[in-house]
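Peer 1: From just these sequences and the hints, can you work out the full model?
Protein chains: 2
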Amino acid sequence: MSREKIYLFDTTLRDGQQTAGVDFSVEDKIAIAGMLDKFGIDYVEGGYPGANPTDTAFFEQNRMKKASFVAFGMTKRAGVSASNDPGLSSLVQSNSDAVCFVAKSWDYHVDVALGISNEENLECIRSSVERTVAAGKEAMVDCEHFFDGYKANSEYALACAKTALDAGARWVVLCDTNGGTQTEEVREIVTAVIAAGIPGDQLGIHAHNDTGLAVANTLAAVEAGARQIQGTLNGIGERCGNANLVVLIPNLVLKPRWNKRFCTSIDEEKLTELTRLSHAFDELLNRSPDPQMPYVGASSFATKAGIHASALMKDPKTYEHVEPESVGNTRKVMVSDQGGKSNFINELTRRGIKVSKSSPKLDTLIAIVKEHEASGYAYEAADASFELLARRTLGTLPQFFKVESFRVMVERRFDANGVLKTISEAIVRVEIDGERHISVAEGHGPVNALDIALRKDLGKFQQEIEDLELCDYKVRILNGGTEAITRVLIESRDDSGERWWTVGVSDNIIDASFQALMDSINYKLIKNRTSIEELSSS
Amino acid sequence: MSREKIYLFDTTLRDGQQTAGVDFSVEDKIAIAGMLDKFGIDYVEGGYPGANPTDTAFFEQNRMKKASFVAFGMTKRAGVSASNDPGLSSLVQSNSDAVCFVAKSWDYHVDVALGISNEENLECIRSSVERTVAAGKEAMVDCEHFFDGYKANSEYALACAKTALDAGARWVVLCDTNGGTQTEEVREIVTAVIAAGIPGDQLGIHAHNDTGLAVANTLAAVEAGARQIQGTLNGIGERCGNANLVVLIPNLVLKPRWNKRFCTSIDEEKLTELTRLSHAFDELLNRSPDPQMPYVGASSFATKAGIHASALMKDPKTYEHVEPESVGNTRKVMVSDQGGKSNFINELTRRGIKVSKSSPKLDTLIAIVKEHEASGYAYEAADASFELLARRTLGTLPQFFKVESFRVMVERRFDANGVLKTISEAIVRVEIDGERHISVAEGHGPVNALDIALRKDLGKFQQEIEDLELCDYKVRILNGGTEAITRVLIESRDDSGERWWTVGVSDNIIDASFQALMDSINYKLIKNRTSIEELSSS
Chain Z
29 MSREKIYLFD TTLRDGQQTA GVDFSVEDKI AIAGMLDKFG IDYVEGGYPG
79 ANPTDTAFFE QNRMKKASFV AFGMTKRAGV SASNDPGLSS LVQSNSDAVC
129 FVAKSWDYHV DVALGISNEE NLECIRSSVE RTVAAGKEAM VDCEHFFDGY
179 KANSEYALAC AKTALDAGAR WVVLCDTNGG TQTEEVREIV TAVIAAGIPG
229 DQLGIHAHND TGLAVANTLA AVEAGARQIQ GTLNGIGERC GNANLVVLIP
279 NLVLKPRWNK RFCTSIDEEK LTELTRLSHA FDELLNRSPD PQMPYVGASS
329 FATKAGIHAS ALMKDPKTYE HVEPESVGNT RKVMVSDQGG KSNFINELTR
379 RGIKVSKSSP KLDTLIAIVK EHEASGYAYE AADASFELLA RRTLGTLPQF
429 FKVESFRVMV ERRFDANGVL KTISEAIVRV EIDGERHISV AEGHGPVNAL
479 DIALRKDLGK FQQEIEDLEL CDYKVRILNG GTEAITRVLI ESRDDSGERW
529 WTVGVSDNII DASFQALMDS INYKLIKNRT SIEELSSS
Chain V
29 MSREKIYLFD TTLRDGQQTA GVDFSVEDKI AIAGMLDKFG IDYVEGGYPG
79 ANPTDTAFFE QNRMKKASFV AFGMTKRAGV SASNDPGLSS LVQSNSDAVC
129 FVAKSWDYHV DVALGISNEE NLECIRSSVE RTVAAGKEAM VDCEHFFDGY
179 KANSEYALAC AKTALDAGAR WVVLCDTNGG TQTEEVREIV TAVIAAGIPG
229 DQLGIHAHND TGLAVANTLA AVEAGARQIQ GTLNGIGERC GNANLVVLIP
279 NLVLKPRWNK RFCTSIDEEK LTELTRLSHA FDELLNRSPD PQMPYVGASS
329 FATKAGIHAS ALMKDPKTYE HVEPESVGNT RKVMVSDQGG KSNFINELTR
379 RGIKVSKSSP KLDTLIAIVK EHEASGYAYE AADASFELLA RRTLGTLPQF
429 FKVESFRVMV ERRFDANGVL KTISEAIVRV EIDGERHISV AEGHGPVNAL
479 DIALRKDLGK FQQEIEDLEL CDYKVRILNG GTEAITRVLI ESRDDSGERW
529 WTVGVSDNII DASFQALMDS INYKLIKNRT SIEELSSS
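So the protein lines, in turn, are chains Z and V.
One point on numbering: in my numbering, the residue at position 289 of the first sequence is 317, and numbering is uninterrupted.
One point on numbering: in my numbering, the residue at position 194 of the second sequence is 222, and numbering is uninterrupted.
Since the hints were made in silico from the structure, they are not lab data.
Model, not experiment: these values are computed from the prediction.
One copy or any two copies: either way a pair holds, since identical chains are not told apart in the list.
Listed below are the simulated DSS-like cross-link pairs for lysine-lysine, each with C-alpha atoms no more than 27 Å apart in a straight line:
#	residue 1	residue 2
1	283	179
2	398	449
3	449	430
4	449	484
5	288	179
6	288	66
7	165	66
8	179	345
9	382	555
10	33	298
11	190	179
12	93	298
Peer 2: Quick look at the structure:
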């Protein structure tokens, strides 16, 4: 049985632009569009040329190799002819392959927002589509607030959709603009729309997540006959976000419920790039990845071992709904005090550390990890610290340098001009190969000062750590009060693009930060050596 | 038409415990269970007494006023009688109102994980339920991996469910343990289960979010006839989380699709506490709230104004799917709007601060608050700081004392005996009524030292602050990296039993802590005066 194609339409660069805190530059848009094109998305909606300078600049060139480059905008204004409307001209004349018009399909909006008659609105839709088609481009129409519009006046909502198709639109997209429609309502309405004569293979669905149902609503529309789905990378979008393509695509590709009947431009091989795509997008926007995002999250395939009998562990199909590798993710059995010996060995092997199951050093390591985790260390969140601890305990970690002492000071006082200032200063004494180095640094705060001072003069290692960068810092107080245990997690990265987390625990926040900073530097130095060893053996 | 009740079952403290990075102490569990009980949740699953020390301690007392307190655990072990199984005894004898057993319902698991026959497994279910019912408690059974088990061997999966009910269980809960089931599959299977003789009003659904469908699957099960829904606060849970009750409850209460047919213990008035509950839970766990969480997120009702014609703005129903106030949230139009002023006046009145709507000082206060919140202050979490700011801006706050300067130092070095020590010391210079006081203190860490030094010698105010106690300290880094903005929240209390929160924001954690400490002391001093004024006027 031949499968029907579901078209993938990405609106990250258009609707996703509405996300609080997100602002794409032209360079961002070029990079992201390139990622989407390379991944295999069918339609990339780039923005609204003519409406703002960024988008106008972005549409000066069509860089898509396979994807259709879509310009978005409003239907022509009432009272102006299609050929004379400048907004419409910008859209049609841009370097897009297609134009997607947003049109009112709720009669109340036509009246109150546009102040025109229902009939005039249909004319705006009609002539905008006709002009686009005449210009040799694919036209599609987003019917705004369609589901609310249908509930209020189904005849009119349908008329908007029909008008678009009759005028030559390739697609009519039903938009749940305020995200409030429930899944069965979507199914019923899409079914009714198709029954009323709109062909399913010209119908798209554009869902929002305001009731937590964007993915479900999209799939329900597909099941009811729609064949284009709209969404964004990582579900960005205003308010609660758009439908998340990073979740929809693997559902369609991996679940028999869908892949028996449908296919997309993403095959199983391409799908293995999904996690990398999702993370690259977060990186570009400097957004913290959601560790719990379905399929691609860091925790998506992480189990706290001990819950499952070890017999089950041998067959992941018994507890995992899909193989993590199918989406480019990995299974994590969390290194915790619940972990058994085999888990530990797996974790160590994963990091290239070999140890025998019967080695007494392994027992020591397990005991140390359990003890540390009971006092607050979170090795599941700090891979690099775990690796250093393992190497140190198993005897394969050199001591690159030694910190003899440090002193951190924060002073707040009025300066000579009567201005209140806070100064943070750190002094660090380091010993490398018998030589003592003393450094001082100022910083935004005590931890920043300590970080700078620590990395200011590491003698023969100084060049190696030049590209080391701290990119995130988290603090958690584990018991209440100012006398509590503090856990600090630091994320670091270097020019290779690798990122790693380190941890420190103490009742003193500076001390905890110091531990995490030390592990960060030591991990950087050890990972350089692993690479060097590999290079010299090739 | 009378509506059917949907029972709300919260597993935050049990399944939610599996979340990476989440570790509930007994105090945490008591606090959270109290929140859930107060909000109106029907069942609060507290954990697994007998399996770990925290849960055993938690179940030593049943503190629920309305909710049913549920103990979770495994069915009895095969080969041991129900009366002799110590795990089962711990569950039945704990101070719970009900016991929820997790049972295998996938024959493959019965074989490989338990190594017993299908019939033996049914006997384990039967006798565990019977013993519980005989002990006068409500029994329910979570059928683990039910949907995969049903697909593999529907007869056996049903047999497990039937056995539980026949033995006297109040509920059988169908669990999508690996989160992979698609929505229509859930609907079809729940329908089939009910058709096979399991009454819908004894059926529950326990969904996970591994394919982004936990909320949808839960609602589909309800639509198919299930009448108990399981989930967690803010959707925490292992891997991609459990079904999010914070999204499910408002869907059920506010959407006609549901509220016409169903009711829950949460009425419209209680629902307005939802946002506060969600945020309080995040605060307690020191988790960053998800600004895009449906209904309760900071961005959930935030629109970038300019998208909508101003005529539409007057009628939010045209673009908002529900009123934000219905869930205790607020509409944010990311441009200033006049509606904000009345909110402010309400907040001030709530604290006993009277101000006229036309007062220019009110405008100043509003401007300051907006500016502060944009830079990281969270006044919704720090009542006392807000009140102090209001009193100061409106001109009714005396300056009790002035801190001229402070110096905080953390030093780590080897002492005379070669032992590595970390010392924290703070020096504070305070001026009271023209007199200078200088104090030094040591502490566990820099903030503890500063706190002690600040409160060591406040001259004529010293006696008043004797019963001031810091009881909680939270830190959040608002942007990544060690140069980020730090927000510190401190909770204080005194002998009157009153507790209050204060906030400080700075790129320097010591500075931020200092602000919060100062507000704490000043609030203590001002609240004493309010009491004195009240006393002297009575």
